[in-house]
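These protein sequences, in sequence, are chains A and B.
Mapping to the working numbering: the first sequence position 359 is 359, numbers consecutive.
Mapping to the working numbering: the second sequence position 54 is 54, numbers consecutive.
Derived by calculation from the structure, the hints in this document are not laboratory data.
Some clues are possibly wrong.
Below, a list of computed lysine to aspartate or glutamate pairs in the EDC-like style, where the Cα atoms sit at most 16 Å apart [as the list claims (entries may be wrong)]:
1. A:Lys205 with A:Glu229
2. A:Lys275 with A:Asp91
3. A:Lys32 with A:Asp91
4. A:Lys30 with A:Asp271
5. B:Lys321 with A:Glu58
6. A:Lys187 with A:Asp202
7. B:Lys174 with A:Glu342
8. A:Lys59 with A:Glu83
9. A:Lys123 with A:Glu342
10. A:Lys110 with B:Asp172
11. A:Lys187 with A:Asp299
12. A:Lys123 with B:Asp172
Label pairs and their in silico Cβ distance ranges [stated by the list, open to error]:
13. B:Pro191 with A:Gln336: 35 to 41 Å
14. A:Val324 with B:Gly280: 54 to 60 Å
15. B:Ile43 with A:Gly335: 46 to 52 Å
16. A:Lys267 with B:Pro169: 44 to 50 Å
Facing chain A, according to a computed beta carbon distance under 8 Å, are these residues of chain B, among others [said to hold, decoys possible]:
17. Trp36
18. Gly39
19. Arg167
20. Phe176
21. Asn177
22. Pro179
23. Thr183
24. Asp185
25. Thr189
26. Val193
27. Ile270
28. Gln272
29. Gln274
30. Ser278
31. Pro279
32. Ser315
The beta-carbon is built from N, C-alpha and C at its ideal position, and this holds for glycine as well.
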Amino acid sequence: MFSGKVFGALAGAAVLAAAATGAVAQPKDKIKIGFIYVGPVGDHGWSYQHDQGRQAIEKAFPGKVTTTFVESVPEADSERAIEQLARTGHDLIFTTSFGFMEPTLKVARKYPNIKFEHATGFKRAPNLSTYAAKFHEGRYITGIIAGKMTKTNTIGYVGAFPIPEVIAGINAYYLGAQSVNPNVKIKIVFANTWYDPAKEGDAAKALLDQGVDVLAQHTDSPAPIQAAEARGKVGFGQASDMERFAPKAQLTAIVDNWSDYYVSRAKAVLDGTWKSEDTWGGLASNMVVMTPYKNMPDDVKKMAQETEAAIRSGKLNPFKCPVVGQDGKEIECKGQGALSDEQVLGMNFYVKGIEDKIPQ
Amino acid sequence: MRFELTPRTNVNSAMRIAASIAAFITSFLIAGFVIWLMGRSPIAAFDVYVLQPLADPWSLQELVVKATPMALIAIGLSYCFRANLWNIGAEGQYVIGAVLGSWIALRTHGTEAGAWVLPLMLLLGILGGAFYGLIPAFLKTRFGVNEILTSLMLVYVAQLTLDYLVRGPWRDPKGFNFPQSVTFDPAATLPPVFEAGRVHYGAVFALVAILVTAVVLGRTLFGYRLKLTGDAPRAARFAGFSSKATTMAVFAISGGLAGLAGISEVSGQIGQLQPSISPGYGFTAITVAFLGRLNPIGILVASLVVALTFIGGESAQILLKLPLDLTQAFQGILLMCVLAADALVSYRVRLVNRGGGK
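Isolated chain A (complex conformation):
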């Protein structure tokens, strides 16, 4: 159901072999599941969606599973919160931000009988799985819509941090736009935060002031799309459906749907079949979901739906080769007809046509 071992080939000293599973697990009647969130559950973005997944578990196994969460845990000070969950009888613990990687690994080594799941990282252990989603698939679709919708031929992107996941999103968005509109330009601002409505809003306004008329965001609050709505421009919801914040501006939203995955992992612990794995799900496995396409002409809507279907069926890969870098040189194609998973997960270059430089 979910795509395979992303970093399997890269198993280095730090990456523990995923295959060697821990002690034989026993089925359980009742389990406790804990979550560590990097932001507040009310961010309406990243942490909010993880919390939706937590609630889905509670609904799926009434009476069998109880859940707990700790919100707004600072990454540099997370080890204690994770260990506190481990010490208070939790059987399965999800740590839902990249920065929790080292602390999760440390605590997982200390508590070999508890299962851990770390989102968006790459270090695994016999009792530590990793999982992430191919958001760039959704970004490519939004790029196509943006390329069609822009009148100024200038589209914008509010990024959080210049890390590979965000860079890959920007590239997929721009490649999508370029595929339907060769003259399109992109302007990018990094807000240097995942969640700070004021900063995100300012970044969005700066872009709108520069003639951007379609705005994408890779930060978690609805502030950027609200800024677009206020100026009569359009954009895309991030992580959750943001239609209620911007009913006229939201063209579609790329929703992180962790619910199916979380329910399946909870079930695995209940059944005693949990194994350390790496999961990278996309549109096909419903980990990435597009909300209904709205506020756009029918032909654009049709194009978006077709693109979504093509990616879902595997016919289209946003990073199909050849991918050309900013310097005009072709990027070595290490996957089959497209960039390899490793290349996407470690992406550190902009594609041709993007004029900005990646901040270093």
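Knowing the structure of chain A, use the given hints to seat chain B on it.
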């Protein structure tokens, strides 16, 4: 009608301690009332929040780990605040100390470098923080620039410098381009005080700093000079104390201790450089310094109390499903109550009728 505050003349230390205790009790009552309004048991909350962390060896250890950076920074800040100098930038001094100290850790990574690595890291941590603290001090003494603004603004410069380094030159080449350095070698790791524990030697540094400060403030000319500069700057000048020298000295001390806190935290707790290495310790330490009334022992107690509110807050989220906002509100209530109690014990409040006029 208006309120008038008149200073009390006969305030002794017993009254001040009683006021602190009253402040604690009041803040617990207010928080308990809020919890009751939320339909939860205030007694269960008090148990989870305060009693359980204090009864469990694991959380006692975590308490010390959490209190360590705050105590180190706050004790340094007490030098500045006593002299009426407002160093708001300890967060930046913490970061620069961590960066400069980590430079040695990264340079020696993967080499056979020996026992000199750690002492040099700590020394550079102190020097880095002290140097960074001296910038606002220099700008104030030389050009009369307000130190509140410069020290605060320099926090962002420090954070962005760290951000640049971990995304660029110091990024772990095997880290899939994620912004973080390599994890430090054992030679560059501040060891735990007890085998396999989490309390690192930073806690010892904090204790030493507190004891030394108690002696310096209570028994040396320098301590007297700080007090005089803060309470009666004109008198200090007449006494021949240079306010410029005092400014430079206290900023260097508080910056150095913040830098030591930074390198201790990175090398003893986090184990690598990341874009964020502090959940705001430099700012929380300002609260700690005032909660402790700028008194060394008070700061020791205050750092543990504030650490307790963090750890109790996490336990309350896990065990009682109380929201994080409550923890943050409680920290605010506690500070308000302590400051209010301090004011009420130092001043008499009278309601007076405005005489004369209309």
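Results of checking the hints against the structure:
A hinted pair counts as satisfied when its Cα atoms are at most 16 Å apart, and Lys205 of chain A with Glu229 of chain A qualifies at roughly 11 Å. Restraint check for Lys275 of chain A and Asp91 of chain A: satisfied, since their Cα atoms lie roughly 13 Å apart, inside the 16 Å limit. In summary, the hint linking Lys32 of chain A to Asp91 of chain A is supported, as the alpha carbons are separated by about 5 Å, within the 16 Å threshold. In summary, the hint linking Lys30 of chain A to Asp271 of chain A is supported, as the alpha carbons are separated by about 11 Å, within the 16 Å threshold.
Our distance criterion of 16 Å between C-alpha atoms is met by Lys321 of chain B and Glu58 of chain A, whose separation comes to about 15 Å. Between Lys187 of chain A and Asp202 of chain A, the direct Cα distance comes to roughly 14 Å. Compliance with the 16 Å bound is thereby established for this hinted pair. Taking the CA atoms of Lys174 of chain B and Glu342 of chain A, the gap is near 12 Å; set against the 16 Å cutoff, the hint holds. For the proposed pair Lys59 of chain A and Glu83 of chain A, the alpha carbon gap of about 26 Å is over 16 Å, so the pair is violated.
Between Lys123 of chain A and Glu342 of chain A, the direct Cα distance comes to roughly 14 Å. Compliance with the 16 Å bound is thereby established for this hinted pair. Simply put, Lys110 of chain A and Asp172 of chain B have alpha-carbon atoms about 25 Å apart, too far for the 16 Å limit, and the pair is violated. This hinted pair does not check out: Lys187 of chain A and Asp299 of chain A have alpha carbons roughly 26 Å apart, beyond 16 Å. With a C-alpha separation of about 14 Å, the suggested pair Lys123 of chain A and Asp172 of chain B falls inside the 16 Å cut-off, and the hint holds.
The given range of 35 to 41 Å is broken by Pro191 of chain B and Gln336 of chain A, whose C-beta atoms sit roughly 49 Å from each other. Distance hint check: the CB atoms of Val324 of chain A and Gly280 of chain B are about 43 Å apart, inconsistent with the given range 54 to 60 Å. Take Ile43 of chain B and Gly335 of chain A: their Cβ atoms lie about 60 Å apart, and the range 46 to 52 Å is violated. For Lys267 of chain A paired with Pro169 of chain B, a C-beta distance near 46 Å keeps the hint of 44 to 50 Å intact.
The restraint placing Trp36 of chain B at the interface with chain A is violated, with a minimum CB-CB distance near 22 Å, outside the 8 Å limit. Here the hint on Gly39 of chain B is broken, as its CB sits about 19 Å from the closest CB of chain A, past 8 Å. Hint status for Arg167 of chain B: holds, given a least beta-carbon distance of 6 Å to chain A, under 8 Å. At about 4 Å, the closest approach between the beta carbon of Phe176 of chain B and any beta carbon in chain A falls short of 8 Å, and the interface hint on this residue holds.
Taken as an interface hint, Asn177 of chain B checks out: its beta carbon lies about 4 Å from the nearest beta carbon of chain A, inside 8 Å. Interface restraint check for Pro179 of chain B: the shortest CB-CB distance to chain A comes to about 6 Å, inside 8 Å, so the restraint holds. Hint on Thr183 of chain B holds. Least Cβ distance to chain A is approximately 7 Å, under the 8 Å limit. Residue-level restraint check for Asp185 of chain B is violated (minimum Cβ-Cβ distance to chain A is 13 Å; threshold 8 Å).
At about 13 Å, the closest approach between the beta carbon of Thr189 of chain B and any beta carbon in chain A exceeds 8 Å, and the interface hint on this residue is violated. Residue-level restraint check for Val193 of chain B is violated (minimum Cβ-Cβ distance to chain A is 17 Å; threshold 8 Å). For Ile270 of chain B, the interface hint holds, since its Cβ comes within 8 Å of a Cβ in chain A; the closest pair sits about 6 Å apart. At about 7 Å, the closest approach between the beta carbon of Gln272 of chain B and any beta carbon in chain A falls short of 8 Å, and the interface hint on this residue holds.
The interface hint given for Gln274 of chain B holds, since its Cβ lies 6 Å from the closest Cβ of chain A, which is under the 8 Å cut-off. Checking Ser278 of chain B against chain A by beta carbon gives a least distance of about 6 Å; that is within 8 Å, so the hint holds. Interface hint at Pro279 of chain B: satisfied, since its Cβ lies 3 Å from the closest Cβ of chain A, which is below the 8 Å cut-off. Here the hint on Ser315 of chain B is kept, as its CB sits about 7 Å from the closest CB of chain A, short of 8 Å.
Checked against the numbered hints listed earlier, the structure breaks hints 8, 10, 11, 13, 14, 15, 17, 18, 24, 25, 26; every other hint is satisfied.
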